[in-house]
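K.L.:
Okay, here's what each chain looks like letter by letter:
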Amino acid sequence: GAVVSQHPSRVICKSGTSVKIECRSLDFQATTMFWYRQFPKQSLMLMATSNEGSKATYEQGVEKDKFLINHASLTLSTLTVTSAHPEDSSFYICSAREGQSYEQYFGPGTRLTVT
Amino acid sequence: LAKTTQPISMDSYEGQEVNITCSHNNIATNDYITWYQQFPSQGPRFIIQGYKTKVTNEVASLFIPADRKSSTLSLPRVSLSDTAVYYCLVGEFHTGGFKTIFGAGTRLFVKA
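Protein chains in written order, with the working numbering: chain A, 1 to 115; chain B, 1001 to 1112.
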């Protein structure tokens, strides 16, 4: 099946710094990529949807200037958490969709801890 | 987007069949129904997808009645390793593109 990777798998950073998370589709071209955030014992919350070559569409309540999303190619999307604070500590998961498929392929997630 | 409602948790024993029902009363004509499994600190894993009637694969069956307002994921003989959270999603194409929203999910506990 289709594989989506994320890097890094876990990261610890100091408050006020920025962190970049990469999401790659390894064996297919991802027309659309999605970024989710998941807090402990909670469901996944959709943060934004990005289409290759265009600006991301953010969900209500998600600050686009804090969570910068770049989908520069059909196999790579990046999420940059700018000026991270402890409350940004969470599990960040990306997913990718190929063409007009209804199926999403999820990455393994990135655990971000802000100290 | 159609909202989904599932039981918060379920318990079962090894070897039993488990049926998890999801309600999606406002499902639209173009919506497909997809179920995912998630283990702690991992991304969701695709289980099965369907539009209507019954779909079966090597790990599960999905039953969708004619009105499509609900769906039931059936896991035939669960094992301890099936302990996980199961999410029912409906996804559709709309003016902004394709989108799915996760509901709360069902925490399945399989006991020995």
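Think of the hints as simulated: they come from the structure by calculation, not from any bench. We treat Cβ as the ideally placed atom computed from N, Cα and C, and that holds for glycine. Where hints are given, some of them may not hold.
As the list claims (entries may be wrong) - One side only, chain B facing chain A, incomplete, derived with CB under 7 Å: (1) A1028; (2) P1040; (3) F1102; (4) G1105.
Claimed, not checked - One side only, chain B facing chain A, incomplete, derived with CB under 10 Å: (5) Y1013; (6) G1015; (7) N1019; (8) T1021; (9) D1031; (10) K1054; (11) F1063; (12) P1076; (13) V1078; (14) V1085; (15) V1110.
K.L.:
Next step is simple, just say for each hint if it's right about the structure.
P.N.:
Hints, one by one, checked against the model:
no.	hint	result
1	A1028	violated, 13 Å
2	P1040	violated, 9 Å
3	F1102	holds, 4 Å
4	G1105	holds, 5 Å
5	Y1013	violated, 24 Å
6	G1015	violated, 27 Å
7	N1019	violated, 21 Å
8	T1021	violated, 18 Å
9	D1031	holds, 9 Å
10	K1054	violated, 18 Å
11	F1063	violated, 18 Å
12	P1076	violated, 21 Å
13	V1078	violated, 22 Å
14	V1085	holds, 8 Å
15	V1110	violated, 19 Å
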